[in-house]
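Novice: Residues per chain, in single letters:
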Amino acid sequence: MNILLILPILIPLLTAISSLLAWRNRSLQRVFSTTGACALFGVSLALFAVVWQDGVQASQMGNWPAPFGITMVADLFSALMVVLTGLTGLGVVVYSLAAIDPERESFGFHALMHFLLMGVCGAFLTGDIFNLYVWFEVLLISSFVLLQLGGEKAQLEGAIKYVTINLVSSALFLTAIAILYGMVGTLNMADLAVQLKSADRQEMLTTVSVLFLLAFGIKAAIFPLFFWLPASYHTPPAPVSAIFAGLLTKVGVYALVRVFTLMFVQQSEQLSRLILVAAGLTMTTGILGALVQNDFRRVLSFNLVSHIGYMIMGLGLFTPLALAGTVFYTIHDVLVKTCLFLVGGIIYRLRGTYKLSKLGGLYQARPVVAVVFLVPALSLAGVPPLSGFWGKFILIKAGLDRQAYLMVAVALVVGLLTLYSMAIVWSEAFWKRAPDDRQAEAPLLPTAQLHSRLLYFIPVGVLACLMVLIGALPEPFYDIAGRAAEQLMNPTDYVRTVLGRLP
Amino acid sequence: MEVTLAFVIGGLYAAGIYLMMRRSIVKLIIGLALLGHAANLLIFTIGRLVRGAPPIIDHGKTHLIGQFADPVPEALILTAIVIGFGVSAFAIVLIWRSHETVGTDDLDEMRSTDSFD
Chain A
1 MNILLILPIL IPLLTAISSL LAWRNRSLQR VFSTTGACAL FGVSLALFAV
51 VWQDGVQASQ MGNWPAPFGI TMVADLFSAL MVVLTGLTGL GVVVYSLAAI
101 DPERESFGFH ALMHFLLMGV CGAFLTGDIF NLYVWFEVLL ISSFVLLQLG
151 GEKAQLEGAI KYVTINLVSS ALFLTAIAIL YGMVGTLNMA DLAVQLKSAD
201 RQEMLTTVSV LFLLAFGIKA AIFPLFFWLP ASYHTPPAPV SAIFAGLLTK
251 VGVYALVRVF TLMFVQQSEQ LSRLILVAAG LTMTTGILGA LVQNDFRRVL
301 SFNLVSHIGY MIMGLGLFTP LALAGTVFYT IHDVLVKTCL FLVGGIIYRL
351 RGTYKLSKLG GLYQARPVVA VVFLVPALSL AGVPPLSGFW GKFILIKAGL
401 DRQAYLMVAV ALVVGLLTLY SMAIVWSEAF WKRAPDDRQA EAPLLPTAQL
451 HSRLLYFIPV GVLACLMVLI GALPEPFYDI AGRAAEQLMN PTDYVRTVLG
501 RLP
Chain B
1 MEVTLAFVIG GLYAAGIYLM MRRSIVKLII GLALLGHAAN LLIFTIGRLV
51 RGAPPIIDHG KTHLIGQFAD PVPEALILTA IVIGFGVSAF AIVLIWRSHE
101 TVGTDDLDEM RSTDSFD
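Chain order of the listed sequences is A and B.
Per this note's numbering, residue 1 is the first one in the first sequence, and the count goes up by one each step.
Per this note's numbering, residue 1 is the first one in the second sequence, and the count goes up by one each step.
Just so you know, these hints were derived from the structure itself, not from any lab.
Ideal Cβ placement from N, Cα and C applies to all residues, glycine included.
Heads up, a few of these hints could be off.
Unchecked claim - Facing chain B, from chain A, some residues (calculated, C-beta under 10 Å):
(1) D101
(2) F144
(3) G151
(4) K153
(5) V163
(6) I177
(7) I179
(8) P230
What the hints assert, rightly or not - Have a look at the derived ranges for each label pair, beta carbon to beta carbon:
(9) A:N294 to B:E100: 36 to 46 Å
(10) B:R97 to A:P476: 46 to 56 Å
(11) B:T104 to A:Q53: 52 to 62 Å
(12) B:R97 to A:E475: 50 to 60 Å
(13) A:L20 to B:R48: 33 to 43 Å
(14) A:S106 to B:G52: 48 to 58 Å
(15) B:V8 to A:D200: 21 to 31 Å
(16) A:I3 to B:I65: 33 to 43 Å
(17) A:L419 to B:E109: 31 to 41 Å
(18) A:E203 to B:S112: 39 to 49 Å
(19) B:V8 to A:R201: 22 to 32 Å
(20) B:L78 to A:C38: 33 to 43 Å
Stated by the list, open to error - Chain B regions said to be covered by chain A (calculated; three or more residues, Cβ under 8 Å):
(21) 19-32
(22) 52-59
(23) 93-101
Required output: the full structure, derived from the provided sequences and hints.
Specialist: In structure tokens, the structure reads:
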């Protein structure tokens with residue numbers, strides 16, 4: 001049994017429990033939380049190193065042979081996602097030490113955050129479709145509580161929409177699992193991959209695969225299932241928004257990629273047109289929504305929706321290069337979205353508002369904030385030499401190879417519109433004069449001492465540096481994405497490692 | 001028996017979705033609960049509805065013969081029911097708190113997070 005596969009779940013669990021035990025002692029909770037997040041990041045790197053060197057890792061819980069027991073499995077894509085979880089988890093926890101208010105902290109913010117990380121890691125590492133449902137529920141219930149923690153009016157309204165649509169998605173997911181089990185009698189994903197190839201009633205399987213597409217499409221916020229996202233993601237405090245934006249929709253993307261590359265390979269070819277149309281419409285509707293918003297975080301929420309389209313586009317094109325693009329874009333998007341939402345929190349701390357019309361003059365007053373906003377903003381728009389450029393480049397190259405010219409055109413235009421949307425934010429929040437002169441002269445971060453300032457800026461700075469690094473040295477990251485895509489396109493290793501034999 | 005249950009399940013899905021279309025948050029929660037029950041019953045039906053056929057391998061045999069009740073879906077429902085119970089409990093407290101804070105039970109009036117400004 002490979003302990004590294006369990007630790008990314010065990011560490012957040014233990015951290016969350018010890019934070020709960022230290023209910024009355026906030027400073028102890030902060031220590032536990034930071035230590036746990038560091039440990040999770042370290043373990044995720046170790047797991048990634050092992051998977052990179054020795055290939056797919058699998059482990060049977062309780063030593064029940066696969067397909068009967070519960071399997072944990074990590075291929076490069078899962079290991080990569082766990083690393084990203086560890087990284088954003090650590091960044092957000094450090095940031096939250098300064099940014100989260102004492103009330104939320106004393107009502108279990110840290111414990112909830114680690115339960116959320118546990119659910120996310122579990123979803124990435126499980127090799128069993130029903131187990132995936134359970135991990136989804138773990139991360140959902142933690143996200144429900146995190147979303148409404150604090151009980152502000154907007155939070156509660158957002159939470160009702162978020163909870164409802166996610167429960168609908170869970171019901172669809174459960175229905176799909178039930179029908180699938182009824183057809184082939186197994187829940188192990190590797191075993192499913194083998195059985196579904198030879199299953200009769202392929203047309204029924206298409207129905208099931210569409211159910212999965214709907215269920216995960218809701219979680220990933222693809223068109224036309226995304227309306228819950230801009231209605232809820234801007235309501236909680238910045239660290240919570242950031243972890244949601246960075247990770248939760250990507251869990252949906254991960255599940256889509258996993259299910260359609262491993263299990264429903266034939267269906268994904270039939271559905272590729274549908275997926276591509278959904279991707280194109282996700283990009284366009286998302287970015288058009290972003291252009292008209294006046295709230296900093298709602299602009300980001302719509303941009304988040306829009307850029308899910310790029311990852312789905314890679315899945316729709318379904319070539320090794322396109323999937324490498326999806327993986328690369330996912331790395332980039334997790335970093336960028338987390339970073340932008342965290343910068344939003346800094347701006348809120350400085351000016352006490354997210355309304356673009358009320359912001360202004362930040363460039364003059366706070367050039368450092370302007371720089372840490374500009375890097376992810378330009379990276380999001382795909383300006384070279386930042387990470388977003390290479391992500392878009394790979395996807396567009398893959399699109400041209402498949403002669404999906406319309407898709408490529410949409411992707412390029414949306415890239416330009418993203419730049420326009422970020423330019424609006426830049427000119428409104430940073431460039432124009434502050435609407436209120438007193439505001440510009442007010443002491444910035446008035447109560448913040450140096451260490452609290454560091455806590456705000458270190459995570460954002462590190463994420464921004466990573467974007468520059470990926471942009472400047474894309475090759476190792478492209479290698480990772482390429483190898484991950486190879487494993488996804490050709491899952492024999494995955495199946496052999498899980499089942500212990502060749503199908 | 002399967003046919004009856006199929007209609008029951010279909011009816012539950014329909015009723016659940018109908019209730020979720022209503023504007024009252026209480027009906028919304030009931031609708032969600034019905035949707036969960038529908039999915040659970042579907043899993044139950046998938047496990048074959050046979051009477052007196054436990055999945056026990058007879059002495060001297062190596063595998064099950066003929067019809068038997070599949071135990072896996074039953075374990076799945078058990079998990080799904082527990083999860084559904086927890087989530088429903090949370091959702092009920094959530095609508096109660098929202099009703100107190102927002103002061104309405106009409107979903108159409110809960111649009112401050114969707115409004116433009």
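Novice: Each hint: holds or not?
Specialist: Verification of the supplied hints:
1. Interface hint status for A:D101: violated, as the beta-carbon distance to the closest one in chain B is roughly 18 Å, over 10 Å.
2. Interface restraint check: A:F144 against chain B, minimum CB-CB distance 6 Å, threshold 10 Å, status holds.
3. For A:G151, the shortest C-beta to C-beta distance to chain B is roughly 6 Å, which falls under 10 Å, so the interface hint holds.
4. The criterion of a C-beta within 10 Å of any C-beta in chain B is met by A:K153, whose closest approach is roughly 5 Å, and the hint holds.
5. Given the 10 Å rule on beta carbons, the hint for A:V163 holds: about 6 Å separates it from the nearest Cβ of chain B.
6. Because the smallest distance between the Cβ of A:I177 and any Cβ of chain B comes to about 8 Å, under 10 Å, the interface hint for this residue holds.
7. Evaluation of the A:I179 hint against chain B yields a held restraint, the C-beta minimum of about 7 Å falling below 10 Å.
8. Checking A:P230 against chain B: minimum C-beta separation of about 8 Å stays under 10 Å; hint holds.
9. In this structure the supplied range 36 to 46 Å is violated for A:N294 paired with B:E100, their Cβ-Cβ distance being about 29 Å.
10. Range check, B:R97 to A:P476: about 48 Å between beta-carbon atoms, so the 46 to 56 Å window is met.
11. A beta carbon spacing of about 58 Å between B:T104 and A:Q53 agrees with the range 52 to 62 Å that was offered as a hint.
12. Remark: the range hint 50 to 60 Å for B:R97 to A:E475 is upheld by a beta-carbon distance near 51 Å.
13. Look at A:L20 against B:R48: about 42 Å separates their beta carbons, and that is inside 33 to 43 Å.
14. Under the hint 48 to 58 Å, the C-beta atoms of A:S106 and B:G52, about 56 Å apart, fit the expected range.
15. For B:V8 and A:D200, the hinted distance range of 21 to 31 Å is satisfied, since their beta carbons lie about 28 Å from each other.
16. Distance hint for A:I3 and B:I65: a CB-CB separation of about 41 Å, consistent with the stated range 33 to 43 Å.
17. A C-beta distance of roughly 37 Å is found between A:L419 and B:E109, which places it inside the suggested range of 31 to 41 Å.
18. For the hinted restraint 39 to 49 Å between A:E203 and B:S112, the CB-CB distance of approximately 45 Å keeps it satisfied.
19. Checked against the hint of 22 to 32 Å, the pair B:V8 and A:R201 passes, with Cβ atoms roughly 24 Å apart.
20. Checking the proposed 33 to 43 Å range against B:L78 and A:C38 shows it holds: the Cβ atoms sit about 37 Å from each other.
21. Interface restraint, the segment 19-32 of chain B with chain A: holds (4 residues with C-beta to C-beta distance below 8 Å; minimum three).
22. Beta-carbon proximity to chain A at under 8 Å applies to 0 residues in the segment 52-59 of chain B; the threshold of 3 is not reached and the given coverage is violated.
23. As drawn, the segment 93-101 of chain B meets chain A at 5 residues by the rule of a beta-carbon pair under 8 Å; at three or more, the given contact holds.
The structure is inconsistent with the numbered hints 1, 9 and 22, although it conforms to all the rest.
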